[in-house]
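Visitor: Chains A and B supply the protein sequences, listed in that same order. Position 195 (the first sequence) corresponds to 195 in this note's numbering; numbering is contiguous. Position 57 (the second sequence) corresponds to 57 in this note's numbering; numbering is contiguous.
Quick caveat, the hints were computed from the structure, so don't treat them as lab data. A couple of the hints might just be wrong.
To be verified - Among chain A residues calculated to face chain B with C-beta under 10 Å, some are:
| no. | residue |
| --- | --- |
| 1 | 22 |
| 2 | 26 |
| 3 | 35 |
| 4 | 54 |
| 5 | 55 |
| 6 | 307 |
To be verified - Covered, in the sense of this in silico footprint (three residues per stretch, anywhere, with C-beta under 8 Å from a C-beta of chain B), are these stretches of chain A:
| no. | segment |
| --- | --- |
| 7 | 128–134 |
| 8 | 137–151 |
| 9 | 244–256 |
| 10 | 310–322 |
Computed from a predicted structure; not experimentally measured. Backbone N, C-alpha and C fix where the C-beta goes; we use that ideal spot for every residue, glycine too.
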Amino acid sequence: MNSTVTTAEETNVWGGGNQPLGASYGKLMMWFFLVSDALTFSGFLAAYGFSRFKFIETWPIADEVFTHVPFFHGNYPMIYVAFMTFILIMSSVTMVLAVDAGHKMKKNAVIWYMFATIIGGAIFVGSQAWEWGTFIKGDHGALETKGGRILQFVKADSGERAALRDFAVTIPGERVAHERKNGIWFFDEGELPTYSLNEVIEGFKADPNILIRTELINEEGEKTLLDRKASLAKLADATMVVEGANLIRNEYGSRLFADFFFFITGFHGFHVFSGVVINIIIFFNVILGTYERRGHYEMVEKIGLYWHFVDLVWVFVFTFFYLV
Amino acid sequence: MAHGHKLEIFRGLVKFKSNTQKIWGVLAFLTLITAVEVVLGIIKPVSLTDTYFLGMKLINWIFIILTLVKAYYIAWDFMHLRDEKASLRRAIVWTPIFLIIYLVFILLVEADYIYNVYKDGFVSWNF
Numbered sequence: 001m002n003s004t005v006t007t008a009e010e011t012n013v014w015g016g017g018n019q020p021l022g023a024s025y026g027k028l029m030m031w032f033f034l035v036s037d038a039l040t041f042s043g044f045l046a047a048y049g050f051s052r053f054k055f056i057e058t059w060p061i062a063d064e065v066f067t068h069v070p071f072f073h074g075n076y077p078m079i080y081v082a083f084m085t086f087i088l089i090m091s092s093v094t095m096v097l098a099v100d101a102g103h104k105m106k107k108n109a110v111i112w113y114m115f116a117t118i119i120g121g122a123i124f125v126g127s128q129a130w131e132w133g134t135f136i137k138g139d140h141g142a143l144e145t146k147g148g149r150i151l152q153f154v155k156a157d158s159g160e161r162a163a164l165r166d167f168a169v170t171i172p173g174e175r176v177a178h179e180r181k182n183g184i185w186f187f188d189e190g191e192l193p194t195y196s197l198n199e200v201i202e203g204f205k206a207d208p209n210i211l212i213r214t215e216l217i218n219e220e221g222e223k224t225l226l227d228r229k230a231s232l233a234k235l236a237d238a239t240m241v242v243e244g245a246n247l248i249r250n251e252y253g254s255r256l257f258a259d260f261f262f263f264i265t266g267f268h269g270f271h272v273f274s275g276v277v278i279n280i281i282i283f284f285n286v287i288l289g290t291y292e293r294r295g296h297y298e299m300v301e302k303i304g305l306y307w308h309f310v311d312l313v314w315v316f317v318f319t320f321f322y323l324v
Numbered sequence: 001m002a003h004g005h006k007l008e009i010f011r012g013l014v015k016f017k018s019n020t021q022k023i024w025g026v027l028a029f030l031t032l033i034t035a036v037e038v039v040l041g042i043i044k045p046v047s048l049t050d051t052y053f054l055g056m057k058l059i060n061w062i063f064i065i066l067t068l069v070k071a072y073y074i075a076w077d078f079m080h081l082r083d084e085k086a087s088l089r090r091a092i093v094w095t096p097i098f099l100i101i102y103l104v105f106i107l108l109v110e111a112d113y114i115y116n117v118y119k120d121g122f123v124s125w126n127f
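Here chain B stands alone, though its shape is the one from the complex (with noise of 0.2 Å):
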């Protein structure tokens, strides 16, 4: 950190004057994300619960795109991985992301074959 730190965020397009102003503005952009999860989540439009992409609803979609968009203005800003080397950010970011990814593969494509297996196989469950 001591070599200063970097401040724009949104690829350049806001740049902010210091440090502490940097951090009121991460914290203004988190807060909306979070108001406009909130907000789908009570209204849940019909247009965005009756889409399904990849096998998804719309709105789950939106809800996990955002909770990354919000994931990475923490890490960046507030953990400062920002001013921090590239080699040391990659090896914290890709590390997790990888295996994260790899264990929700597995688990959720095994969780399916169950629900199948439930509901087509001769097990009686729901009685």
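Chain A with its partners taken away, still in its complex shape (with noise of 0.2 Å):
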């Protein structure tokens, strides 16, 4: 506001103790990661924005992705996250509340309001480590074609997405995966689908009411269903099955969307539990009167200033990968 230097201080100005920020050297240095911590994340949103505009054709449609709430069956798409959205936009608010108790020197206030903003971040790195969970394991299943890319299943007569258990017959004698037990002892094979690929060939032959839908988004802004010919002439194409995600192969669509999921959300999460950790740390400090004694509750204001941090980048995480 005032930042006239009286004649005084002119003489001084080199002497140290000044701010001519108004602001602390902890405050400025907080600032100072905040902002380079924003470059950061701003360089993997852009990297994601990147990979979608090369593939903004068969990019997977976020919507379909992310249907699931905990405890509910059915498709609910956006609904948790938004949840997830409130949840920290809510901590945020406890948190600035604690730093406006802090500044008021209510020391019991600030306690009760960093009580309720742990437990905020708590559910919400809970509710990620859920979402990872679902994702990881996957819904639908699907099959992945030479090119890599991915093949879903869709009911002809519903339109709903049909899952590879809705459909694939079983075949008796297929093979099982091989163990370190069996033979020789430094070889292993990773997990094998639930199907292998035949029995999902075979159960579509059998069942004509189930049509595959490709990445390739049409000009609705849905994926391209194709009729029954078609998908019979592209099942040839597919050489594996694809269940669930890892950080090669997911059953959603282009590989590089499980991969920048992993990359953003995990990077988010982590600075969330980081977060609750300091938050933790300065909760304790604030019970044993180490601020009281200081005179003043900065420390609770720097904490607060990450952690507004990190609520102001999963509404940029939220509106770029659920929402746009």
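Hints are included, so try docking the two chains, each in its own frame, into the full complex.
Guide: As structure tokens, then:
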């Protein structure tokens, strides 16, 4: 507000103790860190935008991927993520209230608001863990073609997504996963999918109600549905069964989609996690009266800045990963 | 912060009596915006998804603008940039904004070019 330097201070400008920006060293360094961290996150999100624009016609539609709510069956796109967003904003509010109470030196109010903030952060991290679990486990399953593209299945009569378990047949005598205890000890293979490629193909041929959906997005903004004849022809390109997601392939579509999901929400979740840890440390410091003795609650304000920043980043992740 | 809080938001349209009240007011506003975003995201009105503005769907412009509005209020009221000196505020805000616009512009233009190479060039990748 008032940036005029009086003459008396002018003689002492280099003598130390000046705060030209009106903020303490600790607060400035926190802002320094937050600006650089903001650039890291923008790097991630810009890279996501790059990959998405590169595959603009085939990128997965987030509404169709994140449709689950814990304890409820059915199709609820966006609802759970909106809930997570609200939780994080809410814990931001209790954090500001803690900072505000700190300015008024109300120790007990700071304790309770910090406690509420920690609970909010824990709920958010837990929700994210659940979301990761659901994403990794997958729901419907899909086939991968020679070119690494994903083929998904749809029921022709209802237009709903069909899961592999809905139509795949069981063929006896299929091979089982090789384990170390059988044969060469240093040779091991990852999990076999629930159904082999052959079982899916035979099941598909036997059930005329199933159609193939490709990654390509049509003019209505929906994934292209092939008719029965084209579906059968496309089936010849399939090379393997994909269930759920890992860092190499995922059943939702473009391989990069899952990678960015893991990296961006993972990096953000790690920030929330460390925020909760730092909040807990400061929470105990408040209880022990450290800041009461110090005469000010600036430490609460500094962790508050970090906590709001995490909320700020989530607002962008929410938009660019789930909405747009 | 020793120099007190500024209690008006919306350019002085709404003025709160205390800082605590302002916090709850901002929360209500942010919740409202999030609700609008989610409802738009679920309904996806055809009038917004079919209209393009500068090469992007109108609905996506709305999402991005609402996000920036939310970011503004989080930074200004929760991170109390509103109460900081203008010099500090500008240093914090404009540095990343400039760098991010620069990065996003370069990456998206380049990505669009690669998309065209995949589409029109002699590259077969969707098989």
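Visitor: Next, verify each hint and record whether it holds.
Guide: To see whether the hints hold, each was checked on the structure:
Hint status for residue 22 (chain A): holds, given a least beta-carbon distance of 4 Å to chain B, under 10 Å. Of the supplied interface hints, the one on residue 26 (chain A) is violated, with its beta-carbon coming no nearer than about 13 Å to a beta-carbon of chain B, more than 10 Å. Interface hint at residue 35 (chain A): satisfied, since its Cβ lies 6 Å from the closest Cβ of chain B, which is below the 10 Å cut-off. Of the supplied interface hints, the one on residue 54 (chain A) holds, with its beta-carbon coming within about 4 Å of a beta-carbon of chain B, less than 10 Å.
The closest approach between the C-beta of residue 55 (chain A) and any C-beta of chain B is roughly 7 Å, which is under the 10 Å cut-off, so the hint is satisfied. For residue 307 (chain A), the interface hint holds, since its Cβ comes within 10 Å of a Cβ in chain B; the closest pair sits about 9 Å apart. Counting residues of the segment 128–134 of chain A whose beta carbon lies closer than 8 Å to any beta carbon of chain B gives 0, which falls short of the minimum of three for the stated coverage. Counting residues of the segment 137–151 of chain A whose C-beta sits closer than 8 Å to any C-beta of chain B gives 4, which meets the bar of three, so the coverage hint holds.
Residues of the segment 244–256 of chain A lying with their CB closer than 8 Å to a CB of chain B number 0, which falls below the three-residue condition for coverage. Counting residues of the segment 310–322 of chain A whose beta carbon lies closer than 8 Å to any beta carbon of chain B gives 7, which meets the minimum of three for the stated coverage.
Taken one by one, the earlier hints fail for this structure at numbers 2, 7 and 9, listed in ascending order.
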